[in-house]
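Chains A and B supply the protein sequences, listed in that same order. In case it helps, our numbering puts the first sequence at residues 911 to 1040. In case it helps, our numbering puts the second sequence at residues 14 to 70.
Worth double-checking, as some hints may not be accurate.
As the list claims (entries may be wrong) - Some, not all, of what chain B presents toward chain A, calculated at C-beta under 7 Å:
hint : residue
1    : S16
2    : L18
3    : V19
4    : L20
5    : F26
6    : L30
7    : V60
Claimed, not checked - Calculated cross-link-like contacts (lysine to any residue; reagent style SDA-like; alpha-carbon spacing at most 20 Å):
hint : chain 1 : residue 1 : chain 2 : residue 2
8    : A       : K1040     : B       : D38
9    : B       : K37       : A       : A1036
10   : A       : K1040     : A       : C928
11   : B       : K37       : A       : I953
12   : B       : K37       : A       : Y1001
13   : B       : K37       : A       : V1035
14   : A       : K1040     : A       : S921
Hints listed in this document are in silico derivations from the structure and should not be mistaken for laboratory results. In this text, a Cβ means the ideal position worked out from N, Cα and C, and glycines have one as well.
Chain by chain, the residues:
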Amino acid sequence: MRATAAEETQSGTLVLLCLASWAIPGAGHLWLGRRTKGLIFLIALPLMFAIGLALRGRLFPFDLSEPLVGLAAVADLGIGITYFIASALGYGRGEVRAVTYEYGNAFLIVAGLLNLLVVIDAYDVAVGRK
Amino acid sequence: MQSHLVLLAVFAFFVSLVFAVIAKDNPREQIRLGGLMFAGFLGSAIVLGWLMYPLPL
């Protein structure tokens, strides 16, 4: 069955919405008019990520020979454009000897994973499931 | 900042906040769920911490 033009337009908008929501935490909710939720995500998730960096956590490399490192890298990337800004500025090298190293990793990884949940929530709102 | 308890509380705060905002639409329900989750995180961490206190035996 072929998709109609309206359905194709809608799916294109959905892809854009999900990309925006991933790149800038909360952008999807702001786009959909859920201003309070969007602002909370916009502040809380990058702040959580920044705390992870301040605690000397590591932005893991995409090393597929080490499955757990690769998965951590995918989770880190979940935070969107903030990941690339932090990498470009030289943050996230990780200080293994720091007492807070593991805490930093937990903050970085969980911030990325929570943002992926936020993307899924924005998608659900857009398709009318919520 | 190196206090494990404070870092645990900060972590629990952010996770509870995001989950509550995702799960509920009403501000009162969000505060209720967020508070319950935050208390659950802290309480379970403290209880597990004390349970592990004698380890290794």
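Which hint numbers does the structure go against, in order from smallest to largest?
Numbers 1, 2, 3, 5, 7 and 12, in rising order.
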